[in-house]
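Peer 1: Residue-level listing of the chains:
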Amino acid sequence: MLGIFVFFPFIPLLIGSFSSVWRFGDLLPTKFSLSAYEYIINNNFTLSSIKYNIIISYSVALINLILAMPASYFLARTESALKKIYIIILFAPLIIPPLSSILGIHFNMIMYGLTGNLLGIILVNVIPSFPYVLLVLLMAFRNFPSSLEEAALIDGVSKYSIYRYIFIPLLIPNIVVASTISILISLSEYILTFLIGGSKIITLPILMFPFLSGGDKNIGAVYSILFIIVNILALLLFEFFIVLAIKRYSRIRI
Amino acid sequence: MNGIRMWLKKIKKHLGILPSLVFMLIMFWAGILNSIKAMFNFNLLREIVFSREFIVSTKYTLRLSLFSILSVAFVSIIGIFILYLLSINLSEEKLKKIRVLTLFPMYIPYILAGYMFSLILSQSGIISTIVYKLGFIENLSEFPALVNEPRGYSIIFTYAWKASPFIILMVFPNILRINKDWMDVARVFGVGKFYFFRKIVFPLIMPLYISSLFIVFAHILSSFEVPYLLGVTYPRTLSVLAYEKYARNSVSNREVVLVMNGIIIFITTLIGMIIYYSNKSLREGTELELEK
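Residue numbers (my numbering), protein chains in the order written: chain C, 1 to 254; chain F, 1 to 292.
A couple of the hints might just be wrong.
Stated by the list, open to error - In silico lysine to aspartate or glutamate, EDC-like type, Cα no more than 20 Å apart, as pairs:
#1 K12(F) - E149(C)
#2 K180(F) - E255(F)
#3 K245(F) - E255(F)
#4 K159(C) - E239(C)
#5 K159(C) - E149(C)
#6 K13(F) - E239(C)
#7 K10(F) - E79(C)
#8 K180(F) - E47(F)
#9 K59(F) - E47(F)
#10 K133(F) - E149(F)
#11 K37(F) - E255(F)
#12 K59(F) - E244(F)
#13 K12(F) - E150(C)
#14 K37(F) - E47(F)
#15 K13(F) - E150(C)
#16 K13(F) - E79(C)
#17 K245(F) - E53(F)
#18 K245(F) - E47(F)
#19 K193(F) - D181(F)
#20 K59(F) - E149(F)
#21 K9(F) - E79(C)
#22 K199(F) - D181(F)
#23 K12(F) - E79(C)
#24 K51(C) - E239(C)
Since the hints were made in silico from the structure, they are not lab data.
If we strip away everything but chain F, and leave its shape as in the complex, we get:
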């Protein structure tokens, strides 16, 4: 009797979180378990992992995500640098407005962003027209194909535009936290703005910067819409490949798709663990620095 009452008490304590846990377990984790269960069919797993289609897709996905994340890192660090320069001179009111402006791409869905970049970068798009008007090319076909081509340039551009604001959003509060007196001290000693950014600001934002880059990397790696819209039929990214196999024949390809999903889940979980641990160790490092 006592045992039951204790259990009831325990359940009552967890009542708040129970509905969301049940929901997530049924709707989300059941699917993941199904995929992982399918991976234990080792013959099938070996067959898929060593199939040419899968290897090409994996290579393509990794290369595409790597280039995308590098471009995101580049664009966002420039954005952060500009915001830092602005934050020295401008009042907080204006800074807030500028921040809202920078975050605007976050409100545009991925498919629209992809579409807008296909309008800009395609062979008959704006950039090719401007280049033509300036006299660099003489007809349409001289402009390199940037949309729906196997290297995925337009995908990289879309991510650079769409994901950089997220990184700025994550990092920006830390920039505002940096003491204004430090800059004054630095100025007394004749330190330039760029040097101050490199030596003081950048090390402070580094942990958050890196971990948010990893979040974006995991997202790009598994994302579906943009490669589906701007990619080509061969090579395809892993998630597009899995989905198209499923859409073509959901009955006979089901096991294969489940195994592929299992592999995607495995890779993203690995990245998730990297985010978690790197975040922990890096953040502890900077907290110590701040205390000094």
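So here's chain C without its partners, still in its complex pose:
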């Protein structure tokens, strides 16, 4: 029953992508065709939008990890009177919608030339996903035994090397989870990217939105399927490369 509840919305999506004639009253389409798939393959924007999506989501994930790693270490280990304020500042996007905030500084972003280019979009996309990444890494550091780093500090290892040889390699599973969440959020971000990118940078959600809201149903269905596939592939690819990069960086030989 759970399975039915979870998966039934996908059925019309799959059938719809192949149909050419699907009149009301027929349980299945009377004619099947691949024309919607052809349209998408021939559309020049499809490939470039996937490219933009990947660039944006990967950079966002990397920035998130680089920002959240020392921050979560600080929150987990250091005693400070201001910790509560820091937590409020950093976790606020979980509750307060980022769109409201971005509308507030859109004018300033235009002034500083942060609209219509990738840099602005990447910076904006960090906001909704950062709290989740921070949360995952914070939990990881809380469960991480402090004896390892203490031993390293006694032996005179520098802070940088502690990160490089102890934290990062041991926290690989948590890093993978955190980057998965980050990529999922920034891949499907529609409105922030649309607002900041103007019409210059078109990602997959922006490209398919007109089809989803009352456009051609077949094309919308095909774009949805393409989007899910891109999601899964982008996630797997990133996980593969980040694990590889960490192993290279921390000199683990397996």
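Dock chain F against the given chain C, drawing on the hints supplied.
Peer 2: Okay, now just chain F, sitting in the frame of chain C:
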């Protein structure tokens, strides 16, 4: 000299968290401050709060979020109950697989979920076709309009499907933590599964259940994509209204939009405080119960 050195030491201690703080303050909090600053223009604030458009939107947003959260609460408690029944009999390996399956909707973005529900629920969608085949209706127009209509049924359905897994994700570890011996003891005394769930399991998961419902509520209240995709032009939810005003004319409507955002931020912050305090008091309550 000493003072400077002390300050340097302090800054060095905070070096880890400094970049993320600076980033959040510049990119996120500056916008919020701008919105809150705009709210101090009291004449404009009064004008907006008492305008018909705003009142209708606020009512619509609140009603929609309330119904959505009720449906999410209903669906997720059924899901939790089923998972609890399964957790009695199944091994942990299988349980993990089932958990992954239940969490699947979380990986689908909101716009896709909304689109899939518009395909299912629309007048020419799957459900209306099945009802037609069964002979309940004779043509398309007899099926009630569930998509792009002023009551927002499809929005509620989408949230029920999309947000329930989040609640299950939050609550499920607590179910696994419940001692298996308790169930055996309960069985000895002839307590049924449902009664055990109601009297033991539910009170234990309650705090997390309620606070995660509040998180989802705040999210639905301020969410943009689903109402934008499945809603109608009138009435609109607050965030859609603010965005559309901004998109139509970003120069002349800027102040108005900022004030509206300020109000949205105010409401969500209020909910955030409720989450924080209720979580604290409720959790302390159950910790005591567990100690007994």
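Peer 1: Each of the hints needs a verdict: does it hold here or not?
Peer 2: Here is what the structure says about each hint:
1. K12(F) - E149(C): Judged against 20 Å, a Cα distance of about 18 Å means the pair holds.
2. K180(F) - E255(F): 59 Å, violated
3. K245(F) - E255(F): 11 Å, holds
4. K159(C) - E239(C): 26 Å, violated
5. K159(C) - E149(C): Given pair K159(C), E149(C) holds - Cα atoms ~9 Å apart, limit 20 Å.
6. K13(F) - E239(C): With a Cα-Cα distance of about 32 Å, the restraint between K13(F) and E239(C) is violated, given a limit of 20 Å.
7. K10(F) - E79(C): 12 Å, holds
8. K180(F) - E47(F): 60 Å, violated
9. K59(F) - E47(F): Given pair K59(F), E47(F) holds - Cα atoms ~17 Å apart, limit 20 Å.
10. K133(F) - E149(F): Status violated; Cα separation ~24 Å.
11. K37(F) - E255(F): 10 Å, holds
12. K59(F) - E244(F): Given pair K59(F), E244(F) holds - Cα atoms ~18 Å apart, limit 20 Å.
13. K12(F) - E150(C): 19 Å, holds
14. K37(F) - E47(F): 16 Å, holds
15. K13(F) - E150(C): 17 Å, holds
16. K13(F) - E79(C): 10 Å, holds
17. K245(F) - E53(F): Within the cut-off at roughly 12 Å; holds.
18. K245(F) - E47(F): Since the Cα atoms of K245(F) and E47(F) sit roughly 16 Å apart, the hinted pair holds (cutoff 20 Å).
19. K193(F) - D181(F): 14 Å, holds
20. K59(F) - E149(F): 16 Å, holds
21. K9(F) - E79(C): OK: K9(F) and E79(C) at ~14 Å, within 20 Å.
22. K199(F) - D181(F): It holds: about 16 Å lies between the C-alpha atoms, which stays within 20 Å.
23. K12(F) - E79(C): 14 Å, holds
24. K51(C) - E239(C): 18 Å, holds
Checked against the numbered hints listed earlier, the structure breaks hints 2, 4, 6, 8 and 10; every other hint is satisfied.
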